[in-house]
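Engineer: Protein chains in written order, with this note's numbering: chain C, 1 to 316; chain V, 1 to 407.
Be careful, since some hints might not be right.
[Claimed, not checked] In silico DMTMM-like pairs for lysine to aspartate or glutamate, Cα to Cα no more than 25 Å straight-line:
1) V:K177 to V:D287
2) V:K393 to V:D287
3) V:K338 to V:E97
4) V:K383 to V:E373
5) V:K238 to V:D209
6) V:K238 to C:D109
7) V:K238 to C:E157
8) C:K74 to V:E97
9) V:K70 to V:E97
10) V:K183 to C:E157
11) V:K264 to C:E157
12) V:K184 to C:D289
13) V:K211 to C:D283
14) C:K74 to V:D397
15) V:K338 to V:D395
16) V:K383 to C:D289
17) V:K197 to C:D2
18) V:K183 to V:E134
19) V:K264 to C:D283
20) V:K208 to C:D283
21) V:K264 to C:D289
22) V:K238 to C:D283
23) V:K183 to C:D283
24) V:K197 to C:D289
25) V:K74 to V:E335
Rather than coming from a laboratory, the hints here were simulated on the basis of the structure.
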Amino acid sequence: MDITLFLQQFLNGLSIGSIYAIFALGYTLIFSILGIINFAHGALFTLGAYFTYALMGGTFGFNGLFANASLPIKLPFALALILGSTLAGLVGVGIERVAFRPLRRKGSDPLLTVVSSLGVALVIVNLIQYLVGAESYSFPANTYGNLPPSINFGTGENPIPIRSVQIVIFSVCVIILAILTYCINRTKFGKAMKAVAEDPITASLLGINTDFFIVLTFFVSSFLAGLAGTLVGSSVSIAGPYLGIAFGLKGLAVIVLGGLGSIPGAVLGGLAIGLVEAFVPSDYSAYKDAFAFGILFIMLIVRPQGLLGRRLIQKV
Amino acid sequence: MKRPAVRTSAVFLTVAFLLSACTQTNPVGTNPTTAPSAAPGSSSAIPIGIALAQTSNVALLGQEGIAGAKIAEKYFNDKGGIDGTPIKLIVQDTGGEEAGAINAFQTLISQNKVVGIVGPTLSQQAFSADPIAERTKVPVIGASNTAKGIPEIGDYVARVSAPVSIVAPLSLKAALKLNPNIKKVAVFYAQNDAFSKSETEIFQQTVKDQKLDLVTVQKFQTSDTDFQTQTTNTINLKPDLVIISGLAADGGNLVRQLRELGYKGTIVGGNGFNTSNIFNVCKVLCDGVLVAQAYSPEYSSEVNAAFRTAYLNQYKKEPPQFSAQAFAAVQVYAEALKALNQKTKISTMPLPQLRTELNRQLLAGTYQTPLGEIGFTPVGDVKQKEFYVAQLKVDADGNNGKFALVK
């Protein structure tokens with residue numbers, strides 16, 4: 001493999017991986033606080049993309065119950081992105097209230113929470129299909145203003161083009177990681193969240209409102225899902241209501257590879273899976289998922305706690 | 001026991017499945033039909049089964065088919081139905097998998113007691129579900145099954161969707177006519193889709209027949225959204241032409257990424273591109289893509305004008321090929337039933353006899369459909385007179401696109 005091709009695939013891997021990472025950040029946040037996997041995360045990812053699309057274009061599209069219905073407003077992309085992600089965050093709060101909290105209050109088996117979140121995911125995906133159809137939707141060409149379609153990192157003879165939208169996603173991923181790391185490690189809110197994650201009962205005895213912090217975690221996680229869905233939608237179109245479900249499986253692999261509950265691990269896992277996929281020989285590119293999950297399988301055998309996860313210590 | 005917790009989980013899953021069911025079974029008419037041994041009476045509508053995908057990642061194709069079939073139902077009922085008796089579509093969702101198609105067929109045949117079935121959506125579903133209809137002697141008309149070997153499944157299996165072997169080479173030949181300097185060709189195909197695999201074989205054979213240099217064959221999955229690895233590898237080989245066999249969502253995203261990464265050569269899209277939904281995916285980046293068509297909205301005939309107007313009024317866009325083919329499939333049933341009724345009153349026939357006679361009658365007729373004049377070969381393959389090649393023309397803002405016929 002010559003150096004140009006290597007660099008091309010390396011940059012491809014980083015850009016693909018940053019999509020997985022940004023998706024997995026929200027996933028891992030809930031796991032780090034509650035120790036459960038929210039399978040509705042993929043559905044919120046899709047929902048965020050649709051919310052932003054509708055707010056930006058003022059329309060829900062041409063299919064389903066909302067066919068040709070219009071909104072009284074059309075927002076610029078940045079505003080639509082924030083509002084759309086906030087709406088996804090609020091839906092996440094609603095999900096916590098009706099599907100997670102009752103089970104948590106009863107001290108239910110975590111498996112039931114998994115089933116409950118799967119049910120919510122199915123409801124949301126089917127609702128999307130019922131309301132706006134199965135059609136694919138693309139954001140307008142001027143979504144990112146005058147940004148060129150791609151940027152060349154090579155020379156005339158050896159071009160290394162990367163799509164600008166991928167660079168935007170990578171940058172957003174780095175920024176979110178920095179903000180989350182700062183908020184969790186350096187702010188009172190973050191420290192309280194960590195206390196809730198460590199031991200909710202003790203945290204509650206120390207005067208921390210555990211329910212509030214759990215709701216906040218769901219909001220932030222779902223906001224990130226909506227943000228990720230919009231960014232991916234702007235990169236590859238919103239490829240129907242099942243878009244997030246496909247990413248959900250990959251996101252699960254990412255957080256396991258990175259280390260369950262580790263926020264930097266989610267980013268590292270995402271980038272690692274992206275790089276593995278990018279370096280799959282092109283003749284076998286249709287099998288890139290098998291390569292990615294094969295690596296995950298080997299990783300689980302060699303280092304079960306993941307790249308940055310902590311080994312569980314069993315007290316005897 | 002944690003009963004409230006169990007209840008909450010159960011409630012969510014139940015709601016989810018109920019919601020799925022809302023879109024899965026959607027009888028268009030009112031009541032299910034008569035007993036297994038009885039034919040539909042003159043007072044009740046004649047049930048025709050529609051087994052197409054309303055869910056899964058191929059729902060878009062299925063929904064296009066259902067839209068065309070419903071327009072046909074209204075059109076022929078407005079014209080008096082079958083000598084006064086209306087037809088009634090009974091829609092069963094096949095999803096995107098073979099198991100869903102089998103379930104839909106079994107329900108339509110044994111519970112809904114349909115006289116014939118239109119469907120399923122995918123060729124690979126047809127290979128699994130059509131043998132069930134064959135065994136129970138129920139006519140099936142494929143409206144979107146273009147893979148090799150579909151009509152050969154059995155005597156009761158026919159199709160109105162022209163085989164890929166006829167349609168696919170036309171767009172490649174049109175590309176060579178527009179640009180005779182094309183030498184190096186790259187091929188992409190969705191390897192998890194039977195139709196795309198079948199279509200790419202025809203394309204690759206045509207590339208060889210035209211003495212062109214096939215520089216790479218890249219595979220992907222219909223569920224893929226990112227193609228950067230494949231596209232950058234391909235662009236490095238500097239092809240003059242890229243041929244893509246895939247569905248609208250993945251194929252459209254592939255075009256978009258090829259163009260954004262700087263590929264400026266000609267692109268030929270397969271049958272999966274033959275839908276106006278492609279514009280939603282790649283917008284202005286689709287401009288110039290060549291697609292061979294078994295249906296053109298610009299085809300001039302009375303029935304196509306009626307179909308096109310009805311579709312435009314309802315969906316505010318040009319009808320796609322799958323809608324036209326589903327319309328044609330329902331038309332074949334309607335006209336064959338009418339022809340049969342004029343020979344022997346169909347209300348007097350037991351259902352098994354009606355299905356057999358209907359199958360014989362539909363294969364014998366010729367039909368003036370939105371696709372043009374069609375008939376069937378003895379094995380059940382479509383005999384179609386007109387084919388087209390179109391070039392996608394999209395406005396600079398990407399909001400409006402059309403298939404412009406290449407003369």
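Engineer: Evaluate each hint against the coordinates.
Structural biologist: Results of checking the hints against the structure:
{"no.": "1", "hint": "V:K177 to V:D287", "result": "holds (18 Å)"}
{"no.": "2", "hint": "V:K393 to V:D287", "result": "holds (5 Å)"}
{"no.": "3", "hint": "V:K338 to V:E97", "result": "violated (34 Å)"}
{"no.": "4", "hint": "V:K383 to V:E373", "result": "holds (8 Å)"}
{"no.": "5", "hint": "V:K238 to V:D209", "result": "holds (21 Å)"}
{"no.": "6", "hint": "V:K238 to C:D109", "result": "violated (57 Å)"}
{"no.": "7", "hint": "V:K238 to C:E157", "result": "holds (12 Å)"}
{"no.": "8", "hint": "C:K74 to V:E97", "result": "violated (38 Å)"}
{"no.": "9", "hint": "V:K70 to V:E97", "result": "holds (23 Å)"}
{"no.": "10", "hint": "V:K183 to C:E157", "result": "holds (21 Å)"}
{"no.": "11", "hint": "V:K264 to C:E157", "result": "holds (17 Å)"}
{"no.": "12", "hint": "V:K184 to C:D289", "result": "violated (29 Å)"}
{"no.": "13", "hint": "V:K211 to C:D283", "result": "holds (23 Å)"}
{"no.": "14", "hint": "C:K74 to V:D397", "result": "holds (16 Å)"}
{"no.": "15", "hint": "V:K338 to V:D395", "result": "violated (45 Å)"}
{"no.": "16", "hint": "V:K383 to C:D289", "result": "violated (41 Å)"}
{"no.": "17", "hint": "V:K197 to C:D2", "result": "violated (32 Å)"}
{"no.": "18", "hint": "V:K183 to V:E134", "result": "violated (46 Å)"}
{"no.": "19", "hint": "V:K264 to C:D283", "result": "holds (23 Å)"}
{"no.": "20", "hint": "V:K208 to C:D283", "result": "holds (20 Å)"}
{"no.": "21", "hint": "V:K264 to C:D289", "result": "violated (29 Å)"}
{"no.": "22", "hint": "V:K238 to C:D283", "result": "holds (17 Å)"}
{"no.": "23", "hint": "V:K183 to C:D283", "result": "holds (21 Å)"}
{"no.": "24", "hint": "V:K197 to C:D289", "result": "holds (20 Å)"}
{"no.": "25", "hint": "V:K74 to V:E335", "result": "holds (14 Å)"}
In this structure, the earlier hints numbered 3, 6, 8, 12, 15, 16, 17, 18, 21 are contradicted, and the remaining ones agree with it.
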